[in-house]
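Two chains, two separate frames, one set of hints: put the complex together.
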Amino acid sequence: MTRVIKTKVEIEGRVHEETVVVEEEEPQAWEEGHQFSLVGKGVNRVDGRERVTGAARYTYDVSLPGMLSAAILRSPHAHARIVSIDTSRAAKLPGIRAIVSRENADVDWFKNVAKLFDSTLRFIGDDVAAVAADDLDIAHDALKLIDVEYEVLPAVLTIEEASRPGAPEIHPQGNIILHNGHNGELFTRGSVEKGFKAAEVTVEGTYRTSTQMHNSLETHGSVAMWEGEELTIWESTQYIFGVRERVARALEMPLSKVRVICEYMGGGFGSKGSTFKQPVIAALLARLAKRPVKLMLDRREENTLAGNRGETLQKIKVGATRDGLLTAIDLEAMTGVGIYASWAASVSGPAQELYKCENVRTLTLGVRTNMGSQAAFRAPGYVEGMFALESAIDDLCAKLEMDPLEFRRKNHSDIDQGSGQNYSSKHLLACYDRALELIGMEAESLLPTPGSLGANGPWLRGIGLASQTWGGGGGPPAHALVRINPDGSVEVQCGMQDIGTGTKTALSQIAAEELGVPLESIRFRLGDTQKGPFGPASWGSITTPSVGPAVRMAAADARKQLLEIASYFMETPAPSLQLVDGCITTEGRQQGRKALSEILDEIGDYMITGKGYRGPNPTEPIRTWGAQIAEVEVNVETGQVRVLRIAAAHDVGRVINPKGLASQFYGGILQGMGFGITEERVVDKATGRVLNASLDEYKIPTIADVPVMIVEAIGKADTLANHIGAKGSGEPPIIPTAAAIANAVFNATGVRLKELPMTPRRVLEALAAAGSAHEGAKEA
Amino acid sequence: MNTVNKTIADRAEITLFVNREQYIATVPTRRTLLDLLRDDLHLTGTKKVCDMGHCGACTVLRDGLAVLACLTLAVACDGTEVSTIEGIAAEDGSLSALQQAFIECDGLQCGFCTPGQIMSATALLRDNPHPSAAEIRQGMAGNLCRCGAYQGIIEAVQAASSSGDE
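For the record, the sequence lines run as chains A and B.
Using the working numbering, the first residue of the first sequence is number 3, and each one after it goes up by one.
Using the working numbering, the first residue of the second sequence is number 11, and each one after it goes up by one.
Hints were generated in silico from the structure; no laboratory data involved.
Here are some of the chain B residues that sit facing chain A, going by a computed Cβ distance under 7 Å:
(1) M62
(2) H64
(3) I95
(4) E96
(5) A99
(6) F112
(7) D116
(8) C120
(9) C123
(10) T124
(11) M150
(12) C157
(13) G158
Beta carbons are placed, not taken as given, at the ideal position from N, Cα and C, and that holds for glycine.
So that you can see chain B by itself, here it is in the shape it has in the complex (with noise of 0.2 Å):
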C-alpha cells in the first residue's frame, strides 16, 4: 500500500506547447501524454482505443513527429510542441486539404480512428508529399479502422496530396 501511495504522490511540473498555446501542468509521473490531452487540456479529439500502441488511434505530432501518445509519458514531453487534430485546421477554421479530403472521399464511418488517421497522413505527406498507393499504404499501416474505410483513407491521401498543400 505504501509503494501505491508513493507513486500517486510523485509528480512533475512540466512546460509544453500544444496546438501553439503554452501548458504548465503539474502530473503524476505516470500519466501518459494521452490522458493529459484528454483529461487535463479536455482536448478529446485524440482518441483511446487501445492505450497499448497497437491501433494508431491516439497519433498526435510531437515536434513534428509522430508519436503515439499512448505510449508517451507527458513527463516526456516537457518543453515540447505537440500538435493535436484540434489544431490542424486553419485560424479561421477552414480545414486542412487532408481534413476536406476525409470528408470528400468518405474516409470514415463511425470517426473514432479519424483524428489518428489525419495525424498519421499529416506526418506522412510531410516527409512525402507525393507518395504512392503502396507508399500510403505502408505508411498509414499502424491506424487501424473497424469500419473498413480504408478506401476513402487512400483516396484522401492521394487526393490531399495532388492538392499541393499537405
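Bound-form chain A, shown alone (with noise of 0.2 Å):
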C-alpha cells in the first residue's frame, strides 16, 4: 500500500524535509557480523577495464555526425556593462554556424539576478556570446571578430572590502547573503557571555583560508542534440537529474524532453553538482545550426567560472576551566561565495557539532565579489571550519598542557546537542585511538614541545591531531531497479552516476550479494535519466547510504518474484528455496541444485523485474565521524612543510568496498593537503583576473609529493541509519587533513600558522614574526 511519509535528510550541513512514498516494506538490516559473501570484499572496480583501455567514453570524447564545436566569448572586465555587442564580422566567418548573444537569446538564468547573456556583466569570465563552429580553432577566431563595446563599472574584489558598510553594491541582493532577512546566518545554543565568564583559560586567533580551486580533469563541459522537440544532453555532472531539471525550466521544456546522459565522469569534487550554463548554451547553439553541438570549457576557463571553495576568514574564541572543560565557542567567519552563489558554506558546522559544548555561538555570512561562483568543494565549508577550530583547541591545550586527545575524551558528546538525541552511531573516541595506534607515536608526543620529535639539520619534526564530524547518512530519494533477463544475466539500473568514486563497483556488490549471484553476472546501468529511476546527486557523501538500499531491496523483490517461479518448477515451497552463487537450491541439500538459467528457460522471454526505493531516515541523526594524525618536517631556513605521514581512522559505517573506499581516504586526504600548503588561487587585485588559472601555476598536489598514508575505516555497521549499515565516504577523509597539518606545524615550531596554505612565505613570516616576539619578550 502507498504511504506518504515525510524523513530529515542532511546534506552538507543542512537538513531538509523530505516527503518519501513507501509501498513495500524494506529489508531487514545487515546486522553486525552479518556473513557476507561480496560486500566487505576489496573487489576490483566492475569498469576497470573500460577506463585502463580509452573505451571509456566521457563527455569529452562523444563525437555525433556533423558535430560542431564552441567557444565562449566572455567578460574581460570584473564588472562591467554591455553597451552594445555587434557579431557581424564574425557571422561572415567561413566555417562559423550560429552565434547567441543577448541579441537573439533571452533566457532567465539567475532568477531576478541575471540572464543567461545579460547585460551587467558581473566578473571576469561571465558569458558575453558563444559561437559554434566547424571546428574549434575557426570558433575560437570568431570570437575575436565579435565587437563589444563596454562601460566598466567598479569592481570589489575580496570579502573584506565587500562587507565593508558603503561598499558598491554589486548584486541586486545585497553584497551579503541573506538569512530570514539578517545579514549571515546566526546560531546559538546557551550563552557564551556566561561561558566565557565560567572559562579559566581562553584562545582567540583569527584564521584565513585561501580559495581552493576544483581542477577536475575533464572540465565541465556538453555535447547538446536535438531530434525534432527533444533534447539530448551529454554532460560532465554529478547529477544528471538536476541538469535534465534546469535544462528544461530554461528552455521551457517539459522534463519528459530532455534526456540527460552521463555514463564516464571525470571528476567533479562538487563543481559538477550544479548545472553551469553550457548546456543550455549548447542547447541554443544547436538549435540554431540543427547540429549537434560540443561545448566543453577550457583549463582557465574551469578556473575561472566553474566554482571553488571561497576563501574564508573566521574569527573565533574558545574558552575551558582549568581542568580542560570546554565552556564556550564563538566563531565569526566570512565565507566568499564569488557573485552568483546563493548559499554560504557551513564554516561554522563544526564548531557547532563536534565538541560537548553548552554555550555555543556562531555567525556565518557569505559574502559576495566580483569573481567567479563557488561550488560545493568536497565538504565545503567544514574543511576550512575545522582548520580554524581544531588550531584553537591544540592551542588552548597547549595553555593548558593538556595532551590534546585526553582533551578530545573530555569533551566528547555521546548525544546529538541540538535535538539531545542519541546518533544513529558514534565510533570516534575509536578513531582517536586507532589514528594515534596507527602513526605508533605516544599521546603525549602531541603536546607541542618544539624540537622534541627531533630535528634534521634546518627540518624540525612534528605531529599534529584533528577530528573530522560531517553528516553522510544520505536518504530519500533514491530507487533502483533489478532485472534479470532469460539467460540469468542481471541489469541493475538506476539514474545516478559514477563520479570516478567507485559507486557503481559498491552498488553492484550490494546487488550481487542480496541476489545470490556473482559479481561478474551485474551489468550496472546508470548515466541516463531515460534508462533508470531516479537517483540522487552525487553529493555530501550521501551515495552509498542512500542508492545502497534502494538496490538492495530492487535485488531483494527480484530474488523473491524468482524463487517463487523456481517453487514452481522445482515443486518446492519459495520459503524453502535459495539462490546462491547464481543456482538455485533446496536449503540443506544439494540434489535438485539449478543454475539460474534453467528456470529461466523454462519461462521464455519473461523478464524479472524488482523495484526498490530508500526508505525514510531514523529519527536519529546520522554522521560519520574521524581523526587524522599527520607527521611533518618544516625547515627553519627556507619556509618548506613537508608531510611524511598521515593515520586516518574514520568512521562511515559497514564497509562495502574496502579497495575502493581506501582510494576515497588517500585522494580526500591529498586535496586535503594540498588546501594545507600549496593550493591557493591568486587575484590579481587591480582587475580581478585570476593569475593561476593552469595546472602549471596552481599547485596541486603531485605523485612525487605523496607521504605515507596510513588509512582504516573503523568499519561498525550502523544499522539504525539504514538497512545495509553503510554510511558516506567521499567527504570525511579531507576535512581534518590540513587543520592536522597545522597542527603539526605547531608542534614542530611552536608556532601557530593561522593562515591557508602554509607556504614558505607564510611559514618565514610566522617563525619571524614568532622570533620577534620572542626577541621583545626578552627585551621586557
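Structure, rendered in C-alpha cells:
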C-alpha cells in the first residue's frame, strides 16, 4: 500500500524535510556480524577495463555526425555593462554556423538576478556571446571578431572590501547573503557570555583560508543534440536529473523531452553538482545550427568560472576550565561565495557539532565579490571550519598543558546537542585511539614541545591531530530496478552517476550479495535519465547510504519473484529455496540444484523486474566521524613544509568495498594536503583576473608529494541509519587533513600558522613574527 | 580577417602509423597531434585536460618516446609511428601488465588521467624495467591526478615491473 511519509535528510551541513513515498516493506537490516560473500571484500572496479583501455566514453569524447564545436566570449572586466554588441564580422567567417548573445537569446538564468546572456557582467569570465563552428580553432577565431563596447563599473574583489559598510553594491540582492532577512546566519546554544565568564583559560585567533580550485581533470562541458522537439544532453555532471530539470526550466520544455547522459565522468569534487550555463548554451546553438554542438570549457575557464571553495576569514574564541572542560565557543566566519552563488558554506558546522559545549555562538556570512562563483568543494565549509576550530583547540591544549587526545576524550559528546538525541552511531573515540596506533606514537608527543621529535638540520619534526565530523547519512529519494534476463544475466538500473568514486562497483556488490549471484553477472546501468528511475546527486557523501538500500531492496524483490517461479518448477515451497552463486538450491540439500538460467529457460522471454526505493531515515541524527594524525617536517630556513605521514581512522559505518574506500581516503587526504600547503587561487588586485588558472601555476599535489598514508575505517555497521549499515565516505577524509598538518607545524616549531596554505612565505613570516615576539619578550 | 582565412587554408598532407595502422590525412598545419587523434581519427582514449603541456594526460608514444600530444603538431608526426592507449593491449584484447596492474592496485578513480599515466609508465618501464619507488615518483611526476590515485599508481607500476612483462 502506498503511503507518504516525511523524513529529515542532511546534505552538506543542511537538514531539510523530504517526502518519501513508501510502498513495500524494506528488507531487514544486515546486522553486525552478518556473513557476507561479497560485501566487505575488496574488489576491483567493475568498469576498470573500460577505464584503462581508453574505451570509457566521457562527455568530452562524445562525437556525433555533423557535430560542431563551440566557444564562449567572456567578459574581460570584473564588472561592466554591455553598451553594444556586434557579431556581424564573426558571422561572416567561413565555418561559423551559429552565434548566440543577448541579441537573439532571452533566457532567464539566475532568477531576478541575471539572464543567461545578461547586459551586466559581474566577473571576468561572465558570458557575453557564444559561437558554434566547424572546428574549435575556427570558433576561437570568430570570438576575436565579435565587437563589444563595455562600460566599466566599479568592482569589489575581496570579502573584506565587499562586507565593509558603504561598499559598492555589486549584486541586486546585496553583497551579503541574507538569512531570514538578516545578514548571515546566526546560531546560538546557551550563552557564550556566561560560558566565557566560567572559563579559566581562553584562546582566540583570526584564521584565513584561501580559495581552492577544484581542477577536475575533465572540464565542465556539454554536447547537445536535437531530434525534433526532443533534446539530448551529454553532460559532465554529478547530477543528471538536476541538469535535466535546470535545462528544461531554462528552455521552457517538459522534463519528458530532455534526456541527460553521463556514463563516465572525469571528476567533479562538488563543482559539477549544480548546473552551469553550458548545456543550455550548447542547446541554443544546436537549435540554431540544426546540428549537434559540443561545448567544453578549457582549463582557464574551468579555473575562472566553474566553481571554487571560497576563501574564509574566521575569528574564533574558545574557553575552558583549568581541568580542560570547554565552556564556550564563539565563531564569526566570512566566506567568499563569488558573485552568483546563493548559499554560504557551512564553515560553522564543526564549531557547532564536534565538541560537547553548552555555550556556542556562530555567525556565518556569505559574502559576494566580483569573482567567479563558488561551488561545493568536497565537504564545503567543514574543511575550512575544522582548520580554525582544531587550531584553536590545540592552542588551548598547549595553554592547559593537556595532551590533545585527553582533551578530546573529556569534551566528547555522546549525544547530538541540537536534538538531545543519541546518534545512529558514533565511534569517534575509537577513531582517535586507532589513528594514534596507526601513526605509532604516544599521545604525549602531540603536546607542542618544539624539537622534541628531533630535527634533521634545519628540518624540525612534529605531529598533529585533528578530528572529523560530517553528515553522510543520505536518505530518500532514490530508486533502483533489478532486471533478470532470460539467460540469468542481471541489469541494475538507477538514474545516478559514478563520478569516479567507485559507486558502480559498491552498488554492484550489494546487488550481487542480495541476489546470490556472482559479481560478474551484474551489469550496472547508470548515467542516463531515460533509462533509470530517479537517483540522487553524487554529493554530500550520500550515494552509498541512499542508493545502496534501494538497490538491495530491488534485488530482494527480484530474488523473491525468482524463487516463487522456481518453486513451481522445482516443486518445492519458495521459502525453502535459496539462490547462491547463481544457482537455486533447496535448503540443506545439494541435489535438485539448478542454475538460474535453467529455471528462466522454462518460462521463455519473461523478464523479472525487482523494484526498490530508499525508505525514510530514523529520527536519530546520522553522522560520520574520524581522526587524522599528520607527521611533518618544517624547514626553518626555507619555510617549506613536508608532509611525511598521515594516519587516518574514520567511522563511515559498514564498508562495502575496502579497496574503493582506501582510494577515497587517499584522495581526500591529498586534496586536504593541497589545501593545507600549496593550493591557492591568486587574483590580480587591480583587475580581478585569476593569475594562476592553469595546472602549471596552480599547485595540486603530484605523485612526488605523496606522503605515507595509513588509512582505516572503523567499519562498524550502522543498522539504525539504513538496512545496509553504511554511511558515506567521500568527504570525511578531506576534512581533518589541513588542520592536522597545521597542528603538526605548531608541534614542530611552536609557531601557529593562521593562514592557509602554509606556503614557505607564510611559514617564514610566522617564524619571523614569533622570533621578534620572543626577542621583544626577552627585552621586556 | 585575411590572416585568419589564410591560416585555415594552410593545410598539409601527412602519413603516419597510429597503433600499427596507416593513416593518410590532410590537416590544417595548426592542428595538434591531440586533436588529430581525438577529432579526426576518433581515438578519444587520449585525453585533453589542460591543452598546455602541464598535466601529462595526453601522453602518447611517438617512435617509442613519450610526448605530449597537445604540444606536438600533427604535421610534425609525418612519417612517424604513434601509439596510444587504444593500442597497448594485445591483439586478442588481453591487457598489458600495466593496464592489469592499474585495475588490481586501483591506480585510478575517475580514470580521466589514466591513459596518460599508463602511457608514461609504459615509457618509464621501457627505459628502466625495475624502477625504485623514488624513480617512479620522479618519472611519473609530470602526470597529474586530481582524484589522488597516486598511491595505487606507484603500486601498479611496481607490480607491473616485477611481473617481468612491462
